[in-house]
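**Student:** Residue-level listing of the chains:
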Amino acid sequence: MRVGMAVLLLLLATVSGAEERLQIEVDRPGRAELRFAVQRFRSGPEIDAGFRETLYRQLVEGLEYSGLVRVIDPEAFLEPTETEDDHRSIIPCDNWRAVGADGLTEGSITSRRGRIRVRFRLWDVPRCQMQGDPGIFEAPIEQVGWLGRRIADELLLRFTGRQGVSATQVAFISDQNGSREVYLMEADGSGKTLVTSNKSINLFPSWTPDGKGLLYTSYRNGSPDLFFLSRGAKRSKTLVDRAQPKYRAVYSPKGDRIALVMAQGANTDIFLADRKGRKVRPVTSASSIDVSPAWSPDGAQLAFVSDRSGSPQIHIHDLKSGQTRRLTFRGNYNASPAWSPTGEWIVFSARTGTNFDLYLISPETGYTTPLVVHPRSDEEPSWSPDGRKVAFVSSRRGDKEIYTVDLDGANLRRLTPRFGNCTAPAWSPWLD
Amino acid sequence: MSRRKLGVLVAALLLGCQALGGGESTTGPTEGDLREETLREPGLPSDRGSMGATEGRLAMKPIYFDFDDSTLRGDAKERLRRNAELLRARSDTRIEIQGHCDERGTEEYNLALGQRRAEAAKRYLIDLGVRRSRVETKTFGEGMPAVRGHDETAWAKNRRDEFVALR
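Residue numbers (my numbering), protein chains in the order written: chain A, 1 to 432; chain B, 1001 to 1167.
Chain A on its own, in the form it takes in the complex:
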């Protein structure tokens, strides 16, 4: 399914004063603390019942995908299961409190010229007041499912202060076609589509910060090189005009620079380039293997893996001062750092015995806590844009498969069953 090319219009119906907002502690979420009532949105005869049901179902799934919300069974409602009037200034809050609702969503659907338009409102039931202004989102009618998830993500923003991620995507590598190609899927694993078809080895997709393009590594011309593909383009472009083998490239959070990994002889180092892959200059120049650069959210630091101490360990390089410090000291193989969007954590894979587990480490204090521990390997973590989830590769069922998990280790989801060996998940930014 095509995602991210829908127009989203959030119309401000009223310009209200300072909004009181219920803030929920979400950094390490507990289980489904919020209970939402979702009415089926009112619609006229021009709306196909199937579309309406898809919107409802995807909205519900989008809310529950967060791991923060449980949607109340409409059978329990004392009020109608369908919105009767979404222009009211007051709702019968007692009846919604009675079924245990913290939030109520109601709305209406209209369509015009192949586009579907949804007007929705969110009520804070305990306080009996509207949470934010009415929202109006629209998209091409065939993207109604995505629209449902996108509304769910918006409702999470209004209730928790951080937008949900059910309408985002994950880029990854799969060998299910015989060659290792780049694929995309929705954040819940649905809608897998092929991105590259060059019948060689493709590796390490990573997103532009605006979600409009992917960097990746490919052997399509013989040796590993960097490529860029933008939405709508038929061909990828090479990125850095140097003959040496290059293993990975990642855009800075602002999109103004690229950190890349390039070999020179036996030596592999991290380099910086401008947004177009020009003006390449070294960041590291040790005789060690230096790989896996990961930007801090403010773009001021790079976490990376180096074996300069004798074994692969995570280091942090400050781009302004040029200083490098070692972050991990426990164990003899720590790799794949990824900096959380909040800046609070770096998730990485650590070898214990012959297998990898995922850990969170504070880049400030070095405090370390396990995220995913399993007798089989868990590797290659990638953060969701809200910083509440991590996608990763696990071989717990034999083949390498991609999973997502919440920061408290709960809400584990298997995204790529029966899809060959899947690696290098790269969670997209928000896509609109």
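Treat the hints with care, since some could be wrong.
[Claimed, not checked] Just the calculated beta-carbon pair ranges, DEER-fashion: (1) Glu1085(B) <-> Glu364(A): 51 to 61 Å; (2) Gly178(A) <-> Asp1033(B): 14 to 24 Å; (3) Arg1090(B) <-> Asp241(A): 28 to 38 Å; (4) Arg1090(B) <-> Gln244(A): 47 to 57 Å; (5) Arg330(A) <-> Thr1153(B): 46 to 56 Å; (6) Glu1085(B) <-> Arg325(A): 44 to 54 Å; (7) Arg1090(B) <-> Leu412(A): 50 to 60 Å; (8) Lys237(A) <-> Arg1167(B): 38 to 48 Å; (9) Gly265(A) <-> Glu1085(B): 22 to 32 Å; (10) Glu364(A) <-> Ala1059(B): 33 to 43 Å; (11) Ser190(A) <-> Leu1039(B): 48 to 58 Å; (12) Leu1086(B) <-> Arg414(A): 21 to 31 Å.
Honestly, the hints are just simulated from the structure, not real lab data.
From the three backbone atoms N, C-alpha and C, an ideal C-beta is built for every residue, glycine too.
Please arrange chain B on chain A, whose structure you already have, making use of the hints.
**Tutor:** Chain B in isolation, oriented as in the chain A frame:
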């Protein structure tokens, strides 16, 4: 914020919306799919272990390494000396040394390690008198194991350099 500033802000917001979507309910941005058309480039090889190189028959056997190590062991040096002799006998042949790793470790680190292993063998061949221009290197990391399997027997056979003739 003054009323006037607010008005400007709202106007800018509406303009922004129109630039994006042409107004309240129209066409929308013309972003397309993230999908590349199928490539059928001539000469793009699909043979395992020979990508980018035209594989030729060459009686040069692989050399093997210890875990997370690119140091040439005694048995590897012995084999490299024999390989150097074979190269002296076929002065028209150029080779590609392909560095590989076992499946443990991260894929990106293993690309770098495979490169280091290939370069280690290249340096040794050059020390034995083989011309630098006759030897290319390439890493495949852990992506092309010689042997399937998830134990030390398999891993030991996968931590290797292979020698492929270029024509």
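**Student:** Each hint needs a verdict: does it hold in this structure or not?
**Tutor:** Results of checking the hints against the structure:
{"no.": "1", "hint": "Glu1085(B) <-> Glu364(A): 51 to 61 Å", "verdict": "holds (58 Å)"}
{"no.": "2", "hint": "Gly178(A) <-> Asp1033(B): 14 to 24 Å", "verdict": "holds (22 Å)"}
{"no.": "3", "hint": "Arg1090(B) <-> Asp241(A): 28 to 38 Å", "verdict": "holds (34 Å)"}
{"no.": "4", "hint": "Arg1090(B) <-> Gln244(A): 47 to 57 Å", "verdict": "violated (28 Å)"}
{"no.": "5", "hint": "Arg330(A) <-> Thr1153(B): 46 to 56 Å", "verdict": "violated (30 Å)"}
{"no.": "6", "hint": "Glu1085(B) <-> Arg325(A): 44 to 54 Å", "verdict": "holds (48 Å)"}
{"no.": "7", "hint": "Arg1090(B) <-> Leu412(A): 50 to 60 Å", "verdict": "holds (56 Å)"}
{"no.": "8", "hint": "Lys237(A) <-> Arg1167(B): 38 to 48 Å", "verdict": "violated (30 Å)"}
{"no.": "9", "hint": "Gly265(A) <-> Glu1085(B): 22 to 32 Å", "verdict": "holds (25 Å)"}
{"no.": "10", "hint": "Glu364(A) <-> Ala1059(B): 33 to 43 Å", "verdict": "violated (57 Å)"}
{"no.": "11", "hint": "Ser190(A) <-> Leu1039(B): 48 to 58 Å", "verdict": "violated (27 Å)"}
{"no.": "12", "hint": "Leu1086(B) <-> Arg414(A): 21 to 31 Å", "verdict": "violated (50 Å)"}
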